[in-house]
Amino acid sequence: MTLAAVKLSYGYPGRTIGRNLSLAVEAGEAVALLGPNGGGKTTLLKTMLGLLPPHAGAVSIDGYSLLAMTVGERARRIAYVPQGHAPAFAFSVRDIVLMGRTAHNGLFASPTAVDRVVVEAKLAELGVRHLLDTPYTMISGGERQLVLIARALVQEPRYVVLDEPTASLDFGNQGKVMRQIRTLTAQGLGVLFTTHDPNQAMRYADRAALLGDGILKAEGAPGNVITRASLQALYGAPVTCVGNEADTAFLPA
Amino acid sequence: MSDRFGATGGLVLGLGLLVVGVSLAFSVGRFPVGLMDLASALWSRLSGEPSTLTPAAEAVIFNIRGPRVLAAILCGAALAVAGGAFQGLFRNPLVSPDILGASSGAALGAITGIYISAGIVVIQGLAFAGGLLAVALVYLIGTSIRSGDIALVLVLTGVVVGSLLGAGVGLLKYVADPYNQLPAMTFWLLGSLAGTDKNDLLPLFGPIALGTIILIALRWRINVLSLPEDEARALGLATGALRIAIVAAATLVTSASVAAAGIIGWVGLIVPHLARFIVGPEFGRLIPTAALFGASYLLLIDTLARSMAQVEVPLGILTAIIGTPVFIWLLTSARRSWS
Numbered sequence: 000m001t002l003a004a005v006k007l008s009y010g011y012p013g014r015t016i017g018r019n020l021s022l023a024v025e026a027g028e029a030v031a032l033l034g035p036n037g038g039g040k041t042t043l044l045k046t047m048l049g050l051l052p053p054h055a056g057a058v059s060i061d062g063y064s065l066l067a068m069t070v071g072e073r074a075r076r077i078a079y080v081p082q083g084h085a086p087a088f089a090f091s092v093r094d095i096v097l098m099g100r101t102a103h104n105g106l107f108a109s110p111t112a113v114d115r116v117v118v119e120a121k122l123a124e125l126g127v128r129h130l131l132d133t134p135y136t137m138i139s140g141g142e143r144q145l146v147l148i149a150r151a152l153v154q155e156p157r158y159v160v161l162d163e164p165t166a167s168l169d170f171g172n173q174g175k176v177m178r179q180i181r182t183l184t185a186q187g188l189g190v191l192f193t194t195h196d197p198n199q200a201m202r203y204a205d206r207a208a209l210l211g212d213g214i215l216k217a218e219g220a221p222g223n224v225i226t227r228a229s230l231q232a233l234y235g236a237p238v239t240c241v242g243n244e245a246d247t248a249f250l251p252a
Numbered sequence: 000m001s002d003r004f005g006a007t008g009g010l011v012l013g014l015g016l017l018v019v020g021v022s023l024a025f026s027v028g029r030f031p032v033g034l035m036d037l038a039s040a041l042w043s044r045l046s047g048e049p050s051t052l053t054p055a056a057e058a059v060i061f062n063i064r065g066p067r068v069l070a071a072i073l074c075g076a077a078l079a080v081a082g083g084a085f086q087g088l089f090r091n092p093l094v095s096p097d098i099l100g101a102s103s104g105a106a107l108g109a110i111t112g113i114y115i116s117a118g119i120v121v122i123q124g125l126a127f128a129g130g131l132l133a134v135a136l137v138y139l140i141g142t143s144i145r146s147g148d149i150a151l152v153l154v155l156t157g158v159v160v161g162s163l164l165g166a167g168v169g170l171l172k173y174v175a176d177p178y179n180q181l182p183a184m185t186f187w188l189l190g191s192l193a194g195t196d197k198n199d200l201l202p203l204f205g206p207i208a209l210g211t212i213i214l215i216a217l218r219w220r221i222n223v224l225s226l227p228e229d230e231a232r233a234l235g236l237a238t239g240a241l242r243i244a245i246v247a248a249a250t251l252v253t254s255a256s257v258a259a260a261g262i263i264g265w266v267g268l269i270v271p272h273l274a275r276f277i278v279g280p281e282f283g284r285l286i287p288t289a290a291l292f293g294a295s296y297l298l299l300i301d302t303l304a305r306s307m308a309q310v311e312v313p314l315g316i317l318t319a320i321i322g323t324p325v326f327i328w329l330l331t332s333a334r335r336s337w338s
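The listed protein sequences correspond, in order, to chains A and B.
Read in numbering that gives the first Met the number 0, the first sequence has 207 at position 208, and its numbers run on one by one without any break.
Read in numbering that gives the first Met the number 0, the second sequence has 17 at position 18, and its numbers run on one by one without any break.
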């Protein structure tokens, strides 16, 4: 049970960003993707979601090539939690999460009573059921992230891909979202997320992958991969290290 | 369940407005027809009993004012529904049915028809074909540009192609016969339902019904499509094919209306806004309310157009005069999030 990129070259049409990259996310584990701005993290996520075609190599889910699936089949296996954003229209939180059920319904269908129950239960599980009828545009950044996670989960996927899930969140909400990621892995989902905080990767990820200039610099257990030296090389900036060997945190110097 | 209440409230309000619009439309004019007379005329037609009304009143109801009222209802509803669909499709509450060149293409088609002194059926056919061709052209150019946000690229392409088509309209007006053709062209470009008769209704109803049924069927997917492109696809939407279907349906509806009534701006921009204000953005709830509001709005405008002065005032002028301040009011007073 693996979401796997094998010898993948990826990028936008006419512009290859990353080359010859292999990365696997197993069911029940969280993989953190670290790297500088413009290093190709988001592009890699989009390619692994099937939103961009690979330039070479392949992405597969549980052994089946992503390219051979319809968009609907893909959406029932892998879900995307984008960075919180303001949509053009003020849909209610209920409607936003119901949109996660789209791939389970027919072309001309509207959400069913079952879909509504699933959505309410999932929002309750994430502790944001009280927001059901609030416009999505009126809730806070942390609440948006939880609502988008709920939307991804009602897709009933096996893998969830999150793009900087804690960007622009306050301290408390960062913890809330990261703990939620552990809940997902405990339920057997494979999780791939990008982050700018190596400490999050240390604390919440089972494995970390360092991506710079489109090349996978290192990959493995966070404690082995994330070191002062590897971070300095990855970001091209000085890093300090606090705490002791058992409980380390990194800070930009 | 505030949204449920809002949806019901929107429908009740829309139906109320439509009843008011219809009674005003029949009771205003040189030959006023009251609601009771209208009801008894309809009853006598349905039941086959002899009518108590004068033949003149019957003629006003069934041959003159009735078709015009129905045409106003159909065109208003069509423009509002198409406007709502285009706004969702382009993720922008400020676009209108003519954004992809549907109106300017239809205008060029109709003006060409007038220029070659064709009959009314040919003019309508050309308007229709012009609208569809213009949108197809915009779509082909827009989708061949493979950079940037597809929605934005299409809107910009629509503006560019629209101005080219506008130049074509200008050229034909310039070379047209200033005594016979130019007034007809100007009149048509400003929009009017004055010439509507019974035989115009079927060619108007067919395409509007077809396009609207497609949009209603795809209502939920139109919601999802209003999210950013990547998200919509990650949620399982085949966005490319879906966008073509929605553009085709909305253009069909718009072109039918333009072919029958000429260019009537603003309805497709403002009415979906007002409807969204009351029932929220969910497209399944938005369509019926927007359709009822649009029908009532154009009916009221058309009643005003034929009664306020000795001569008919073009619809496009009235919708612009009323639409501009309403739109500015909407922009300034509404919560930023209403859309």
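Please keep in mind that the hints were generated in silico from the structure rather than gathered at the bench.
The reader is advised that the hints may include incorrect statements.
To be verified - Pair by pair, the computed Cβ-Cβ distance ranges are:
{"#": "1", "chain 1": "A", "residue 1": "212", "chain 2": "B", "residue 2": "148", "range": "22 to 32 Å"}
{"#": "2", "chain 1": "A", "residue 1": "129", "chain 2": "B", "residue 2": "186", "range": "37 to 47 Å"}
{"#": "3", "chain 1": "B", "residue 1": "228", "chain 2": "A", "residue 2": "105", "range": "43 to 53 Å"}
Claimed, not checked - From chain A, some residues computed to sit far from chain B (all C-beta separations above 12 Å):
{"#": "4", "residue": "23"}
{"#": "5", "residue": "67"}
{"#": "6", "residue": "116"}
{"#": "7", "residue": "169"}
{"#": "8", "residue": "174"}
{"#": "9", "residue": "181"}
{"#": "10", "residue": "211"}
{"#": "11", "residue": "235"}
It should be emphasised that the depicted structure is a prediction, and the values quoted were computed from it without experimental measurement.
Where is the CB? At the ideal position from N, CA and C, for every residue including glycine.
Hints, verified against the model:
1. At about 26 Å, the beta-carbon gap between residue 212/A and residue 148/B stays in the expected band of 22 to 32 Å.
2. With their beta carbons about 57 Å apart, residue 129/A and residue 186/B fall outside the hinted range of 37 to 47 Å.
3. Checked against the hint of 43 to 53 Å, the C-beta distance between residue 228/B and residue 105/A comes to roughly 22 Å, which is inconsistent with it.
4. Against the 12 Å criterion, residue 23/A stays outside the reach of chain B, whose nearest CB is about 20 Å from its own CB.
5. At the 12 Å boundary, the C-beta of residue 67/A stays outside the reach of chain B, the nearest C-beta of that chain being 15 Å off.
6. Here residue 116/A stays apart from chain B, with its beta-carbon at least about 15 Å from theirs, past the 12 Å limit.
7. Listed as a non-interface residue, residue 169/A keeps its Cβ farther than 12 Å from every Cβ of chain B; the least gap is roughly 22 Å.
8. The beta carbon of residue 174/A is kept farther than 12 Å from every beta carbon of chain B, the shortest such distance being approximately 25 Å.
9. Separation of residue 181/A from chain B is adequate, the least Cβ-Cβ distance of about 23 Å exceeding the 12 Å criterion.
10. The non-interface label for residue 211/A is consistent with chain B: the shortest C-beta to C-beta separation is roughly 23 Å, beyond 12 Å.
11. No beta-carbon of chain B is positioned within 12 Å of the beta-carbon of residue 235/A; the least distance is around 29 Å.
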